[in-house]
Structures are given as structure tokens and as C-alpha cells.
Amino acid sequence: MAAHTPNPYPEISFEARMNSAEFRVHSDAHITLDDTHCRDCTVRGCITACPADLFVPTSDGGIVFNYEQCFECGTCYLVCNEEGAITWTYPEGGHGVVFHNS
Amino acid sequence: MTTADVIVVGAGPAGSAAALTAARAGKRVVLVERGPFPGSKNMYGGVIYGRVLDDLVPEWYREAPIQRWVTRRQTMIMTGTQALTVDYRTEAWGEEPYNGATAYRPDFDSWLADKAVDAGAELVCSTTVTGLLSEGGQVVGVRTDRPDGELTAPVVIAADGVNSFLAKEAGLYGEVDAANYTLGVKETIALPREVIDERFGVRGDHGVDIEIIGCTGDVPGGGFVYTNRDTIAVGLVLSLPSLAKGDVRPEKILADLKAHPAVAPLVEGGEVKEYSAHVIPEAGYDMMPEIVGNGILVTGDAAAMCLAAGIWLEGVNFAIGSGAAAGRAAAKAVDQGDASATGLSGYRSRLESSFVMQDHRRLREAPHLVMGDLAQKYLPAVACGVVEQVFQVDNPNPKPRLRKIVRSEMRRNGLRIRDAARDGWRALRTFG
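Chains A and B, in that order, are what the protein sequence lines are.
Numbering-wise, my numbering comes out as the position in the first sequence, counting from 1, plus 983.
Numbering-wise, my numbering comes out as the position in the second sequence, counting from 1, plus 37.
Because the hints were derived from the structure by calculation, they are not lab data.
Treat the numbers as computed from the prediction; the structure is a model and nothing was measured.
Cβ atoms here follow ideal geometry from the backbone N, Cα and C, with glycine treated the same way.
Wrong hints could be hidden among the right ones.
Looking from chain A toward chain B, a few residues come up when the C-beta cut is under 8 Å (computed) [claimed, not checked]:
(1) S1003
(2) V1026
(3) G1028
Partial list, derived from the structure: chain B residues whose beta carbon lies under 8 Å from chain A [as the list claims (entries may be wrong)]:
(4) M80
(5) T127
(6) V199
(7) V222
(8) P229
(9) T268
(10) D284
(11) R286
(12) P287
(13) Y312
(14) H315
I would like the entire structure built from these sequences, with the hints used as guidance.
As C-alpha cells, this is what we get:
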């Protein structure tokens, strides 16, 4: 896509886009991240690939992760190349993302 | 005492079709769904082809919760500034028994699950299956996150979607390779119904499906735009390894697609109503797991029965077809008192003789062709370049020969004739 094409329509903020989906957040995280692996990771694919932008690099070379607005798609563990860095399960029944118009 | 004859995990189209056929065969069926209602975790990127429902729900098209019947279909080949579109429309697809429809998956999946309930299946929502119960290498039930939540049955049908942890736990999957998957991202954009009718040139309950190639920058994939009643959907399908390796995020590629001159006028002024994402089993036949185990069958996306073949982009119909076959095979195995892999093998033979495996086997090369360099990199640039030169009138220079234009565009874009011929031949062998 040509970078020089100006967008004639205001793009909504990422936050507003994420807020358009419903998340019934459970108090327990369904995905956990052991970021001791992340410091040595050269790929760090989770950061660009997660559609909810839940993986954020820290200044000391680690990665922090929020589970609250997770789409439960599986992208992060599929692209993660560090054994055991991401522990992935589905949220408790009835919790997590709830689509209505998709 | 077992809880049921058949436990179906996941109330998407595959699971509900399985529960429906097993319940109609007189079996006690429990259909377990982790979302608060069927379809709440699901989204898709295009059209539901419902012909496969004709046997299960006669005249389904009179009652299914569809948004619009697709009577106009376009394939758009795009570069950053150009678009070449093949546009087909037919009134026939807007009349009974119809061809394809757009729908909200939460509506459609809930409707199909209700059919299973009508047939006698027990639907249990808000319940996550956390693992399998096994005895001596035979699956005998599932563990759930409910207190005392173990459910037992001679047959478990894994309809638990693209990540199928159940099929993996049962040892039915080989090594999982991210290259076999794509990420789908989508915005559902609200617009007044009359505006959609005007922009897309349709009326009433007729709708449009546009599938796009060349809109994903350096990440292999594709895009789509389609109409619902008072929303339109705009989205992308993106190769996972490329996305992970690159430095451009999915929503940026989506923003670029929405800003493209061929798409921007369609989405202008719309308000994002829902953003959604889901992973797709892109590689079809070549990534399928073993679909029959001792006490377990795998269906739908869980078995990678999603067809990403360029001309054909389908999934819900394969899910319903495989689910229905699984439900029948499970019921038969229960009747015969043999839920071993041998007793359940009727599932595989049913699929082999149906469109599910026949299409997947015949088109097994197609996903690789669609995601390959010829389709992704060269076709959009060369096709748009040729058409631009053909339609551009450059008087007083005389018109160039078509052959010369094609050659110069191929050369300009670095596409060698022998590479084009090789991939063209592969495509002809696959689709021809």
C-alpha cells in the first residue's frame, strides 16, 4: 500500500476500536507470560502480530502483557518462538470477548 | 452411568450440525459452548453458503437470520493506487433457494444451535472444556471449569475451533506450524441502509461481497468488503509468520485498505461498530489432523476444514458438512457399542465421499498458490499495469500491441516468463 496516499477520513484511535468490542473480564488471567524468555527473543512476533496490541515491550528488554481485551484468537502463542514463554488457555466459561456484529 | 451418548465441544456450525444429527438419531447429546451464547466467540470474513443445510433444515433460507443475499460478487486486484475489478451479478442468487448470504455469526450460530436443541440436544453455555477424560487410550469424556464439571460419554466430538486444544491433547495433530495459519481482522462499520444500497448498487435484501488481493503490503494475505443490512464489513487475512516478522501492525494495514481510493468511498463516514479478530486454518488439506481417534472425532475449523482457494473462500459450509457427518458416525458407533477409532471410522469414509474431503484434496495446492509470490506480488502489479496501459490513450503515439504491453509490464515488475508459466501451469492443474 502506498504510504503517500493521504487518508481522507479520520482513522479512529486504537483505543476506540478496541472499546467497540465487548469483553467480560474475569479476575484470573487466562494467558500468562514468562518474560524471562522474552529478553533473549529476537523475533518478538507477539508485539506486532497481536490484533489487540496486548504485548508491550519494556525499557529493560522485557515484555508486559494485558489479558483483559484479548480476542482469544491464538496468534500470540502460534507466533511465539520461545518455548513456554506464553501459557495459553481460554477464559472461564462465559467470560472474555463477546462478539455481537461480526 | 454416562452423562450422555455424545458430547460435542463448541456450538459453532460444526458442533451444532454434529449435535443436530446425533440428536435426530435418538442419542443423548450435550453441546458445550464456552461463550455466553453460540457464536459469541466467532467471526468470519465473507459469505455463508447454506446449500449444505438443505437436508438438515429444509427451507432454511426462509428462517435463517441472514443479513443480505449475495447477488453481486467482485474480485478486486489492487496495488497501492490502482484497482482492477471483476464484477459479477445475477438475479438468480437473490431468489429461492439462494446461493450465499452475509450474516452475523452470533446470530447465525445461535440459530443453528437452536435447531440442535429443537432436535433434543442439551446446550450448555458459559462452560469451558479444559481437557479430555481418558481411560486406557480411549477418550471417555471431558473436564470442564464448572464445579464437579466432568462429563462422560462414549464419543466426544471436538468442534472447538481453529486452536483445537482437544485434538492436540488427543495427539491427533502433528507439529503446529504458524505458516499454516492466517490472522483475520475485521471492522464492522455502521452506515444507513440507503447509503449502503446506493454505494454498492443493490436494493432490498440483496448484497455484495468483494474479495481483494494485493491490499496487504509486504504481508501475504487478502482483504474483503461485504454488505450487511445496515453495516459493512471491511477486513484482512494476514499470514502469521510474515506479520510476526514484519514491523507493521494489522490495524495499520487495515487503515491503509480503508484509505485506498477504491475502498475509501465505500466506507466513508461510517462508524466502527465492532472490531474483531480470529485465526484461520489457511493450509487446508495439508494441515489437517487425524480426524478420528478412540472415542473422539474432529470437525470444522478444529480439523482445518476451511477452504482458502482464492476463487473459493469458504468455511461455514465445510464446518456444517463435516459436523453433520461426525454426528451421524458418532450415533452409529454408539448404536453398535464400539466407539474405538475403528467403530468411528465411518466419519472418515462419509467425508471422503462428500464435498468436504473431495474439494480439500483436489484443491490442496490452492492455498499455497494463493499465498505465493505470483498471486501476492506479481499478479496485482502486472495486471493493473497492463490494464492501465491498455486503457490509457496516448495520442499522438499509435496504440501499442497488447503483447508488447504485457511483456514490458512483466519486465518492469521483475516477473520472468518461465516463473509465470510454471506457476500458471500449477494453477491450471489445481483449478482446471
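Taking the earlier hints as the rules, which of them does this structure contradict? Hint check: 5 and 8 fail, others pass.
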